[in-house]
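Read top to bottom, the protein sequences are chains S and C.
Going letter by letter, the first sequence gives residues 1 to 433 in my numbering.
Going letter by letter, the second sequence gives residues 1 to 433 in my numbering.
Worth flagging that the hints you see were computed from the coordinates, not collected in a lab.
There could be a bad hint or two in this list.
Claimed, not checked - DSS-like cross-link-like pairs, simulated, lysine-lysine; straight-line CA separation at most 25 Å:
hint: 1; chain 1: S; residue 1: Lys-424; chain 2: S; residue 2: Lys-406
hint: 2; chain 1: C; residue 1: Lys-253; chain 2: S; residue 2: Lys-23
hint: 3; chain 1: C; residue 1: Lys-97; chain 2: C; residue 2: Lys-121
hint: 4; chain 1: C; residue 1: Lys-58; chain 2: C; residue 2: Lys-20
hint: 5; chain 1: S; residue 1: Lys-253; chain 2: C; residue 2: Lys-20
hint: 6; chain 1: C; residue 1: Lys-121; chain 2: C; residue 2: Lys-110
hint: 7; chain 1: S; residue 1: Lys-424; chain 2: S; residue 2: Lys-347
hint: 8; chain 1: S; residue 1: Lys-97; chain 2: S; residue 2: Lys-110
hint: 9; chain 1: S; residue 1: Lys-20; chain 2: C; residue 2: Lys-253
hint: 10; chain 1: C; residue 1: Lys-424; chain 2: C; residue 2: Lys-347
hint: 11; chain 1: S; residue 1: Lys-424; chain 2: S; residue 2: Lys-174
hint: 12; chain 1: C; residue 1: Lys-23; chain 2: S; residue 2: Lys-253
Number of protein chains: 2
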Amino acid sequence: MREIGVGLLGLGNVGSGVVKLLKDNFEAIEARLGARVVVRKIAVQKTEKPRLVEVDRKMITTNVESVIDDPGVEILIELVGGETMARSYVARAIEHKRHVVTANKLLLAKHGDELFNLAEKHGVDIYYEAAVCGGIPIIRALREGLASDRIDEIYGIVNGTSNFILTTMTDEGKAFGEVLAAAQEAGYAEADPALDVDGGDASHKLAILMMLCFGARIRLEDIYVEGIRDLTQADFGYAARFGYVIKPLVIAKNHADGIEARVHPTLIPHRWLLASVAGVNNAVYVSSYALGNSMYYGRGAGMMPTAVAVVADVIELARNILGGATGRLPVRSYRSLSDHPIRDIGKLRSRYYLRFSVLDRPGVLAQLATLLGEHDISIEQMVQEGIRDPNRPVTVVMLSHMAQEKDIRAALAKIDVLPAVVEKTRLLRLAGE
Amino acid sequence: MREIGVGLLGLGNVGSGVVKLLKDNFEAIEARLGARVVVRKIAVQKTEKPRLVEVDRKMITTNVESVIDDPGVEILIELVGGETMARSYVARAIEHKRHVVTANKLLLAKHGDELFNLAEKHGVDIYYEAAVCGGIPIIRALREGLASDRIDEIYGIVNGTSNFILTTMTDEGKAFGEVLAAAQEAGYAEADPALDVDGGDASHKLAILMMLCFGARIRLEDIYVEGIRDLTQADFGYAARFGYVIKPLVIAKNHADGIEARVHPTLIPHRWLLASVAGVNNAVYVSSYALGNSMYYGRGAGMMPTAVAVVADVIELARNILGGATGRLPVRSYRSLSDHPIRDIGKLRSRYYLRFSVLDRPGVLAQLATLLGEHDISIEQMVQEGIRDPNRPVTVVMLSHMAQEKDIRAALAKIDVLPAVVEKTRLLRLAGE
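Throw the hints in and build the complete structure from the sequences for me.
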């Protein structure tokens with residue numbers, strides 16, 4: 001039986017999952033493919049480290065080049081992560097005419113276009129289903145299932161750690177720090193959680209989604225990003241009271257004058273399907289011209305779910321190799337990407353959640369209302385809570401009608417310096433009209 | 001620019017959508033493909049009938065063979081529906097080495113294996129994304145995204161008409177007949193609704209899903225099917241009271257001793273994601289070994305959503321043709337299907353909803369409980385409602401623990417002939433443990 005040789009860079013969590021899945025589903029994969037996928041060599045940093053799966057020690061090396069250059073390796077799986085080294089390994093693999101499978105979202109978000117050009121030049125494929133939402137086949141859905149359609153908007157929960165934290169804060173009423181610590185203990189959050197909870201990881205995935213959805217080459221620094229650290233239990237309570245759930249969303253919309261691209265915690269109506277996406281799960285909600293709304297849901301991280309995506313890519317590349325059809329699918333959804341301007345966040349039109357902390361003195365509410373009105377912001381709902389005591393702050397929460405972000409910011413700049421305002425006003429955005 | 005010639009059989013709702021989508025998304029499709037998709041000829045039954053889209057009259061013919069045989073046609077799209085004629089057209093197309101795109105679930109459910117064999121023999125592809133859940137790329141997800149995984153269970157809402165009717169009955173408390181009439185007026189139900197509301201359409205889709213998920217060749221008549229006509233408002237009310245929603249589900253599970261395959265209205269916990277799939281929308285919830293749970297949601301029918309799937313298949317076939325890679329992907333997920341026995345419904349283990357209509361006389365509840373107990377059925381929850389009047393019936397609703405269907409049926413056969421039981425007991429199944 002024909003063998004397809006695979007080289008693996010990295011034997012951590014996902015790498016071990018890949019080895020395990022190829023072994024566990026050996027027969028089914030062989031039946032589906034009519035060929036055998038064989039791991040030939042694995043590059044690791046430390047050969048003696050204990051591993052989650054049993055592998056033949058002879059396959060393991062610290063010499064990355066020897067894996068890439070091995071003539072038996074037709075497909076290289078890059079799972080080392082990071083930016084600089086991964087970039088040079090992938091480039092070397094392409095130049096040696098290896099097809100590449102990678103789960104490295106940072107690499108693709110920052111250097112995707114360069115690597116795709118290189119792959120086109122050398123006639124090889126780069127597949128990256130695992131880079132966005134782990135095992136959910138969202139890349140395939142966008143690149144093939146919706147190849148006939150025009151995508152207008154996407155809303156995604158693409159960072160499982162953030163979704164786990166916000167779900168737990170919602171359900172158990174606990175504070176951010178406490179839930180983060182529990183998530184770290186359970187293995188759902190890294191020791192350094194910054195990339196997850198500050199929105200960086202989500203912004204890398206959003207850049208890849210925008211490339212696929214809009215054919216847009218994006219500069220990461222143009223995406224507006226806010227993390228979830230500042231959310232308090234009070235915000236979850238008020239959101240629920242108004243019929244909303246707070247979710248860590250990525251949002252992108254293709255407007256005539258540029259792309260709207262943002263990553264921030266968002267209030268979404270509890271009846272939306274995305275509101276029910278809980279725990280470490282991910283989902284991408286897509287709005288397209290002909291299909292309308294569709295959603296793709298599942299486990300976005302973890303050893304085995306991510307391995308499903310990596311091995312699915314290996315199978316598809318193997319099918320291409322066996323069919324003599326490498327380069328069949330363009331590495332990008334479009335033949336070439338174009339630079340799409342990203343609109344400044346100030347131009348955003350949205351509904352807003354504003355939580356004010358003010359002293360309960362006569363005329364304070366009128367001051368807030370006047371300043372908001374002067375900036376074209378009208379209020380749809382309001383609640384005021386607290387002890388009636390002129391020396392202690394009360395909380396006033398407002399939901400606005402549609403307004404422009406620059407107006408909201410201008411109004412808050414004036415409001416936050418009022419003598420009766422005791423802390424910086426909390427601003428969150430709402431999804432939907 | 002290279003042109004890919006397409007022939008179309010049928011210019012009804014979906015056919016018109018295909019023509020419209022190819023026209024509206026012309027530029028994007030060309031950019032993604034690097035080639036142009038051109039409709040060469042369209043076969044219709046009546047040339048003079050008014051159409052939903054404008055087409056060059058010269059392309060239109062009543063001669064199906066002239067479309068299939070046209071040397072400029074590389075891909076044939078079969079949208080005539082039905083069984084006998086469609087089968088002969090598709091066979092002819094394959095024998096003439098045309099690749100085939102079809103949305104015909106009945107054709108595939110009944111003759112899929114025969115047509116796939118024929119396609120393999122002649123080296124052409126059959127794609128059928130539109131046959132299950134319209135525009136949702138579920139076929140791709142199963143065939144490619146989860147090609148690396150082992151699928152254990154699927155739960156699907158695959159008939160939009162039934163889901164629309166049950167959603168409306170739930171939300172508006174109206175009777176089946178009234179909602180069906182409204183659905184027919186709104187164009188969500190056919191004049192003859194039998195195929196939709198009696199479960200036939202859903203069973204065809206389930207057969208195709210089982211082929212993809214389990215590599216199973218299924219005989220349609222082995223699938224257990226119950227429609228939604230007998231549901232009453234009372235059932236929705238009781239379901240809600242217990243925390244459930246009634247949904248028109250298809251369910252398949254791969255057991256060691258055979259496949260469990262059934263189509264019937266099912267009580268699902270309201271916190272399940274599928275419970276939020278409302279109106280005409282479809283969704284398939286997949287449980288697999290490595291990925292865990294994933295779900296695919298969207299519009300399962302309608303002119304444009306179905307056209308998205310058809311044209312996506314055309315684009316993928318065009319990519320294969322351009323890449324010289326037709327036959328790259330096996331027409332089945334497995335190289336060959338095997339006959340899988342379907343387990344008799346009597347062997348089903350499930351939880352049950354039982355609605356009894358009984359006279360409110362002393363000892364009646366004890367009789368029910370005794371007969372259920374004698375058949376190994378234990379009750380988890382019960383409610384009894386009605387006016388205390390020994391001459392008028394009261395309603396007793398029970399939710400059972402896990403039980404076997406043959407036991408439930410045996411118990412009900414005895415219960416339904418008791419003098420105090422005034423009408424046939426309503427039995428519904430629950431999803432989940």
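Now for the hints, and whether the structure bears them out:
Taking the CA atoms of Lys-424 of chain S and Lys-406 of chain S, the gap is about 17 Å. The hint holds against a cut of 25 Å. A threshold of 25 Å between alpha carbons decides the hint, and for Lys-253 of chain C with Lys-23 of chain S the separation of about 23 Å falls inside it, so the pair holds. Distance check on the hinted pair: Lys-97 of chain C and Lys-121 of chain C sit about 10 Å apart at the alpha-carbon level, within 25 Å; holds. The straight-line distance between the Cα atoms of Lys-58 of chain C and Lys-20 of chain C is roughly 17 Å, inside the 25 Å bound, and the hint therefore holds.
As the CA atoms of Lys-253 of chain S and Lys-20 of chain C are separated by approximately 24 Å, the hinted pair is consistent with the 25 Å bound. With a CA separation close to 19 Å, the supplied pair Lys-121 of chain C and Lys-110 of chain C stays within the 25 Å bound. Distance check on the hinted pair: Lys-424 of chain S and Lys-347 of chain S sit about 22 Å apart at the alpha-carbon level, within 25 Å; holds. Only pairs whose Cα atoms come within 25 Å are accepted, and Lys-97 of chain S paired with Lys-110 of chain S is accepted, the gap being roughly 22 Å.
A C-alpha spacing of about 24 Å is found between Lys-20 of chain S and Lys-253 of chain C, which places the hinted pair at or below 25 Å, so the restraint holds. Distance check on the hinted pair: Lys-424 of chain C and Lys-347 of chain C sit about 22 Å apart at the alpha-carbon level, within 25 Å; holds. Between the alpha carbons of Lys-424 of chain S and Lys-174 of chain S the distance comes to roughly 22 Å, so the proposed pair stays at or under 25 Å and holds. Distance restraint check for Lys-23 of chain C and Lys-253 of chain S: the Cα-Cα separation of roughly 23 Å lies within the 25 Å cut-off, and the hinted pair is therefore satisfied.
No hint from the list above goes unmet by this structure.
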